[in-house]
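Undergrad: Residue strings, one per chain:
2 protein chains.
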Amino acid sequence: MQLDLIIYDTELLTMEDGGVGYLADAALGIKGDKIAVVGNTEKILAGHQADRLLEGKNLLVMPGLIDAHIHTGIALLRGLAQDISGWMEEGLWPFSRQLDREAREAGTALNIMEAVRNGTTLLADFGSNLEGMVKWHRRIGTRALLSKTINELDSSSEIIPGELYPFDHRKGEEDLAEALTWIEKEELPERISFFLGPQAPDMLSLELLKKIYDLAGKLETGIHMHVAQGEREHRQMRMRYNSRTIPWLAREGLLNSKLNAVHLTEATPEETRLLARSGAGLTVCSGSIGIIDGQVPPLQEFLEVADRAALGSDQAPGNNCNNMFNEMKLTALFNKIRNESPLPLPAWKVLRLATIEAAGCLGLGDKVGSLTPGKFADLITIDLKEINLSPVIRHPLRNLVPNLVYSARGSEVRDVMVAGRFIFRKGRMVTVEEEEILKQADSAAARIMERVDEERLARLSPLYQAQREGKL
Amino acid sequence: MQLDLIIYDTELLTMEDGGVGYLADAALGIKGDKIAVVGNTEKILAGHQADRLLEGKNLLVMPGLIDAHIHTGIALLRGLAQDISGWMEEGLWPFSRQLDREAREAGTALNIMEAVRNGTTLLADFGSNLEGMVKWHRRIGTRALLSKTINELDSSSEIIPGELYPFDHRKGEEDLAEALTWIEKEELPERISFFLGPQAPDMLSLELLKKIYDLAGKLETGIHMHVAQGEREHRQMRMRYNSRTIPWLAREGLLNSKLNAVHLTEATPEETRLLARSGAGLTVCSGSIGIIDGQVPPLQEFLEVADRAALGSDQAPGNNCNNMFNEMKLTALFNKIRNESPLPLPAWKVLRLATIEAAGCLGLGDKVGSLTPGKFADLITIDLKEINLSPVIRHPLRNLVPNLVYSARGSEVRDVMVAGRFIFRKGRMVTVEEEEILKQADSAAARIMERVDEERLARLSPLYQAQREGKL
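Protein sequence lines correspond, in order, to chains A and B.
The first sequence begins at 0 in numbering that gives the first Met the number 0 and counts up by one.
The second sequence begins at 0 in numbering that gives the first Met the number 0 and counts up by one.
Be careful, since some hints might not be right.
Identical copies carry no separate label here, and so any pair may be met within one copy or between two of them.
Taking lysine-lysine and the BS3-like style, the derived pairs with C-alpha atoms no more than 27 angstroms apart in a straight line are [to be verified]:
(1) K56 to K438
(2) K33 to K366
(3) K384 to K425
(4) K384 to K438
(5) K425 to K366
(6) K366 to K134
(7) K425 to K438
(8) K134 to K384
(9) K134 to K184
(10) K366 to K42
(11) K425 to K184
(12) K134 to K170
(13) K30 to K56
(14) K30 to K217
(15) K134 to K42
Keep in mind that the hints were calculated from the coordinates and are not lab data.
Build the full structure now, drawing on both the sequences and the hints.
TA: Take a look at the structure:
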């Protein structure tokens, strides 16, 4: 077969056969946007021609990483809301209420570029500026599963921490209408797809939530929703429905395989198992939840029941990076600490959670997540000459996978390909000018910060006081 | 004053005044191996001449990071002993018993280079090949506080997991003699100094341990020792002395300000406080202990009583990186999780634990750890244009310090200076050829791996079985 590209004399992690699928002396051939062939270099070079040959010595080729939950739209607020209680209301909102579409778009571009540089090929991106998200995922070339934030929070009235959020039904309907406009567009590339994104059970009415589930069924798409994400949410749920979130979702018929639930930080083990048994997926965000709440999401309880789980980097204002190498490492380590044992979540497992199992969780298991002929050529190469992966030992025990998880920083990623196209090559972005995106982020951030009400910030955020004390 | 170098138009974290000591529009002047002046750019340029001027726009200048506990000598075994129980006996020893002096030296060179690339300027390096350690810290140009491993473990007889270690008194005396030879050498540069390094209370006789403490007093040096590092140690202590480690050290008069104790993983809160009250220092190794034991060392209990604490990266076979940015982040996050609260160990505090407070813990508080005139010019620059530190926000709330701790990977380090000399400049090693050190590590590792008894490994290490199952 005439191929477009063969990467040869390389090592692969295919992620097939329930493990990492390590192959030495390997080659991988690409035709169009798909993986055509995977196997031994000698055999593949003997049986195939290609327009382009790339030698892959000292590289490791593996599926692109999947960030199953990210809010690129708030990336400009990186590092403004950690080490405090009340992350959302006291940390995030004084800044995020100032974000306009342009600032969200600048954040989206910045955050996607950060993700790509760290080996992410697919982002399940959740935010209010869907237009900006579509624009930058298209332009940069990432695969994206986009969700427009749908909530009924009334932006015209001040939200008072601790009080029941006032709902604005028109706002919710407008959000949904905007989401539907984009889902119905036909000229988008295949790699841009959509889930419906009700923000959280406490942030919109039951009526609208049910309507969204019905639509997801008709449109054959999924639901991407924060669930049981904090005590703040449960306070709202108790005040509004006199119930905790997950039992309430079950009672209302909203726990099912359409749902990809994010966080579950406040779920009891029984609630987690209830959700897992329903066929719903779970995305955990170790870094962000560790910083925001000092908690470890109940991934292990979930995995006891089901395997539709994935990892997400969440957001920059309280993580503070969007790097799936960081998420893999933190997920492994946090779960070891939670169990006071070195055994939970070994390296191979978290690598699967960031690739093949994430793809399954997002309903894209037949399209991406492994180096399998017929799947899209979404892959990354890792520079094995990087010092923190050295020495590479292949016998009698391979150290590649543990070092990828526990030592790699993300900066070892040399190339990123999505659907057969390099979007990052030899350490440089291919599709966009990095400098421009950085400048755009800087100037948008400066503009937004001028609008922040400093008195309000001083009143709300303990970080403002920390800064006065010379700690920032 | 005529200076050698002024870095101007930059931002500084001096780490002075109990916080991070942030200075904008700043400059820093160096004369010889010392910091001569720190302050406002305009004033410093008006009052001083310098042979060399460096513009520091878009850089952050801060003290070099301090790795207060590292075993560079076993770096070749990176990634061979995680995700299992019995890290030392079942994971490490099947490989480490094959390490010869040459292999340890190759690991030392590799590990120091990794540390430097990630912004470390001072390493408290602990290992058996003191000659190799001196050689490479001299050559690369790092500041080093070296400890020769002193133990009485009999290398001629097989150590059987779970049984009392047989002691070889001659071996202990030989180790000590070698340590003393180096401590007494006079031609070493000022930046190479020594602590005595009894490996652990269970690994040498009380008699030798007391002799070492006496010598430390006479030589005006300190003791660097693993203390309460695991259940394995306490089993040995119970079998030999019918006591737990810390009460035993107290009873024998070995808890005092000479001691820098490492780990305390198995210490009770009362034992930790007992150690802290004695004036001893504590170094915690969050990454390594998280991976090896799934535990969080009792840093907070220690800090309630005393502030002589520091962070260490420990070793590559079970961390698996030696990167103080990683240690700062993990220390902050693990302690939040341990307390189920976002408040413990905020960014500014872990940054201090890796700089000024570490210096104090190691008895070098008057020499390094802050950007203070009169101290050695041990500093690093951070590239603020790196995407994961972007955007840099300076008003109304600075995000520099949180992003350094929670988002930086180590790859943002652009320059590293020790005692006024750049040893890493614009992302390249200055003093050594990186390629050569990597090659030397690869070939030494390959040589050692050939000697590993594969049958013994298969019997001992669960990782060998994991590899057969396609998980490595």
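Undergrad: So, against the hints stated earlier in the document, which numbers end up violated here?
TA: Violated hints: 11, 14 and 15; rest satisfied.
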